[in-house]
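Asks: If you want the building blocks of each chain, they are given just below.
Number of protein chains: 4
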Amino acid sequence: MDEIEIHEFKKAKLNEPVMIEGLPGVGNVGKLVAEHIIHELNAEKILELYSWHFPPQVLVNNDGTVSLSKNELYACKSKEQDLLILSGDQQSVTNEGHYLITETFLDIAQQYEVSRIYTLGGYGIGQLVEKQTVLGAANKTELVEEMKKYGVEFREEEPGGSIVGASGLLLGLGQLRDIPAVCLLGMTSGYLVDPKSAQAVLTVLCRALNLELNMQAMKDRAEEMEKVIERLKEMEQAQVPRMREEELGYIR
Amino acid sequence: MDEIEIHEFKKAKLNEPVMIEGLPGVGNVGKLVAEHIIHELNAEKILELYSWHFPPQVLVNNDGTVSLSKNELYACKSKEQDLLILSGDQQSVTNEGHYLITETFLDIAQQYEVSRIYTLGGYGIGQLVEKQTVLGAANKTELVEEMKKYGVEFREEEPGGSIVGASGLLLGLGQLRDIPAVCLLGMTSGYLVDPKSAQAVLTVLCRALNLELNMQAMKDRAEEMEKVIERLKEMEQAQVPRMREEELGYIR
Amino acid sequence: MDEIEIHEFKKAKLNEPVMIEGLPGVGNVGKLVAEHIIHELNAEKILELYSWHFPPQVLVNNDGTVSLSKNELYACKSKEQDLLILSGDQQSVTNEGHYLITETFLDIAQQYEVSRIYTLGGYGIGQLVEKQTVLGAANKTELVEEMKKYGVEFREEEPGGSIVGASGLLLGLGQLRDIPAVCLLGMTSGYLVDPKSAQAVLTVLCRALNLELNMQAMKDRAEEMEKVIERLKEMEQAQVPRMREEELGYIR
Amino acid sequence: MDEIEIHEFKKAKLNEPVMIEGLPGVGNVGKLVAEHIIHELNAEKILELYSWHFPPQVLVNNDGTVSLSKNELYACKSKEQDLLILSGDQQSVTNEGHYLITETFLDIAQQYEVSRIYTLGGYGIGQLVEKQTVLGAANKTELVEEMKKYGVEFREEEPGGSIVGASGLLLGLGQLRDIPAVCLLGMTSGYLVDPKSAQAVLTVLCRALNLELNMQAMKDRAEEMEKVIERLKEMEQAQVPRMREEELGYIR
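Chains as they are written, first to last, in the working numbering: chain W, 1 to 252; chain B, 1 to 252; chain R, 1 to 252; chain U, 1 to 252.
Don't take each hint at face value.
Because identical chains cannot be distinguished in the list, a pair is counted as satisfied if it fits within a single copy or across any two copies.
[Unchecked claim] EDC-like, lysine to aspartate or glutamate: derived pairs with alpha carbons at most 16 Å apart:
1) Lys77 / Glu236
2) Lys140 / Asp63
3) Lys149 / Asp178
4) Lys148 / Asp63
5) Lys79 / Glu212
6) Lys11 / Asp178
7) Lys13 / Glu44
8) Lys227 / Glu80
9) Lys77 / Glu44
10) Lys148 / Glu48
11) Lys70 / Glu3
12) Lys11 / Glu44
Hints in this document: simulated from the structure, not taken from any laboratory.
Keep in mind that this is a model prediction, so the values were computed, not measured.
Please put together the full structure from these sequences, using the hints given.
Replies: Next comes the structure, spelled out in structure tokens:
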């Protein structure tokens, strides 16, 4: 096995596609969006990437079969805009791997003459989010202005310093290759998978790509999650007084 | 020293052997089973594998001599089924090492034209196990069905996501090489070496391999362990009130 | 991408320059000094160094654009002394990277026929510093004596054992190449960015280089920081009794 | 800089020397013994080994100069037995480095036709040691018997499983090269530098090597340490009631 191993199933014929990256991360926001797009557009898997920089483990699927840790690239032709969608179940667990795997995907982006990259993720604020917000960062000044038109917010203090992993490196290493790239970060608590934040990111992305997508599946997941959060809140409120009693009993 | 160093003592003449992996892990279940089979079938050591991905240490044997961290492969011819048994005192401590060492053993498996791989381990549930259960995962759909016949359980929620280390990677990397492989995980608390869980795994494995083995040594170890657990339970019960008194005395 | 990648913008024509290193570290003392000098002398950036040993992330600038983790080298000609100034937003996060990146900068130092290296940093003492002090270490005995003339203190017990990272390795690896190098460490609490300590280090460095610099910007930052510390002290004093009440209320 | 870099000052002319390793470790026992022998026999430094597997730092000496992390090899001719003594201020901080650096020293051992290796260290038991004891391990059965004659103890349960680092790997990797090697571990608390334990190890080693050494310096250090321990015990006894009072005052 090589350090990075690519299993290419098919060369897609795409016209200056946009690459969308949604790998696991904060609130799983990026991955939720990428998977939704893959599903709704019926995108086709064109390659898998394996690497010893991924965790040394297999995922067990619901049917009892296993899948080795990997990243996957999907392709999709559409009237508005051809797409390459990068998703997967893991990011690198080593420093070096993050750089090398990102470079590999930038090589592929260049082979496909990608016109722009959107990286998607969550920005954890440590508390429940009241108003859905999508923060942005870009590797060219003019992209910042363009993104503001689609409702992306750019704030001096946020996303507080740095963007870690593939979502950040595709911008940083893309800059060195002069590939325009934007990062869209959905504000999220950071504690839970957050389909509501994913919905906000997806809305902005569709606007930017002039893409119409059925959002129902994402809305359903967001509503389910809302119910989970309500239950968690109730449990928390119910638990606080009980805990206090125990402590009192314990000290006396 | 190379990154991975193989000391081969002998080429075994085997007929489409099955490879069984039992390296250290949760409850030491896999290793207990592998060692029992090696001992009962009087299997012969055919190679040792050393690597700088193992911990930088030696084990001290009871006679005062030392053994460098290693993995070992044993061979055994039998009427029912020839076997290659992989055991050892360590697994890789690096991410990369896990992949490279597994690939090395898959190379050897292919040289010996292995027909199937069984990887063995424990699945820790964080509490004492009431009913011995063997959970499974496989790298081909048809193996799932076959294994159910031998009493292996496949559950949607368990083994909760992922199988880490050699037991998982032999399936995942074996899948890429089209080598059929099954993982058998004995349910165990995860806190103690668990020969009882090992006995359950061994029973299933013998059924699958149509192998008859004297199980007495394993039963004896399981009974000994039962006594240890009884003592631990008693100690725990005895200790709780005493601890409370101390705390009270401490606070007053 | 190579393990270490250098983007050289320009070969500077310098006369036996002195190299000054100020990378992020304790109290950010070194970086504050390096940035002040770069700004005041209007030094020109001559190269950037990227490496997979830096954290896999981008910094988000205030205007919404991003910068990949990097080190930077600036050049500046002046009447008294030509300078090469090394700064950046990161140090290596791997053991190996620390050595390799330092070696790379020593190669560059030798190409420019650097006459001496000054490395700058903070020495954290775990409490607020009463009297600003600059501690020193050097890779040649005669440098110790020379530095004492500029007010650098050398103490048997301090800087307690070892100097970690680029500030230390430039001295240690420089010693093997016979490049004279001095480390100046401003005493600092270690809890906060410390422009006051940076001011003390800068004062000593200017004396050693016979350099006159406008210190106003640094003084302003130090004064701002003083105010922050005053506020923190007040908050702490205000909080202590409040916290005690809570605890009492909580226990009763 | 190479991964491992050797600066050889001199080829020593030695007759089947014994190699003694005493690098930093538990209670610093091994290093104390090695340094004592180097000093008493006036051994000559013949090489230094640098590596990026050592911590990326320099030590600051009492005179303000610095030393890069390194290992050192000393040679000494004597009537009884020529010696090669390995000491230094660091061990590898990476897994791989431990193996590679040990292999490098075994290469050197073979160049010098070393007849045997003694590795020295401490065995931490988590409490003050009542009776000085030296535990042993060896990479050949006959060495176990020989060592018992010099007062080395071999116990089934101790040194509890494994010997980590150079002291262990010189035995384990030495075994693969058929170089006889013994590890001597002085029992020690593990909390403090322990010259008394070092004295015990040195006594056994001198007996085994038929070497007479002035032990006064070691005895003096051991006595100093005894005083430190007495003071620590007194402080502890004095502190316990004081702490209790504080707690009472705090709770009421």
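Asks: Each of the hints needs a verdict: does it hold here or not?
Replies: Taking the hints in turn, this is what the structure says about them:
Taking the shortest alpha-carbon separations for Lys77 and Glu236, neither the intra-copy value of 47 Å nor the inter-copy value of 60 Å comes in at or below 16 Å. Taking identical chains as interchangeable, the C-alpha atoms of Lys140 and Asp63 lie at most 16 Å apart only when they sit on different chains, with a minimum of 10 Å there against 45 Å within one chain. Taking the closest pair of Cα atoms, Lys149 and Asp178 never come within 16 Å of each other, the shortest separation being 23 Å inside a single copy and 51 Å across copies. Only between protomers do Lys148 and Asp63 lie at most 16 Å apart by alpha-carbon distance; the minimum there is 12 Å, versus 44 Å within a single protomer.
For a Cα distance limit of 16 Å, the shortest separation of Lys79 from Glu212 inside one copy, 11 Å, qualifies, whereas the shortest one across copies, 64 Å, does not. With identical chains, the CA atoms of Lys11 and Asp178 are never at most 16 Å apart, being 24 Å at best within one copy and 24 Å at best between copies. Proximity of Lys13 and Glu44 under a CA criterion of 16 Å is satisfied intra-copy only: 12 Å inside one chain copy versus 46 Å between copies. With identical chains, the CA atoms of Lys227 and Glu80 are never at most 16 Å apart, being 36 Å at best within one copy and 56 Å at best between copies.
Taking CA atoms no more than 16 Å apart as the test, Lys77 paired with Glu44 passes inside one copy only; the shortest distance there is 10 Å, against 47 Å between copies. Taking the closest pair of Cα atoms, Lys148 and Glu48 never come within 16 Å of each other, the shortest separation being 34 Å inside a single copy and 30 Å across copies. When the C-alpha separation of Lys70 and Glu3 is checked against a cutoff of 16 Å, the pair qualifies only within one copy, where the shortest distance is 13 Å, while the shortest distance between copies is 23 Å. In this homomeric assembly, Lys11 and Glu44 come within 16 Å of each other (Cα to Cα) only inside a single copy, at 11 Å, whereas the closest approach across copies is 46 Å.
The structure shown violates the earlier hints numbered 1, 3, 6, 8, 10.
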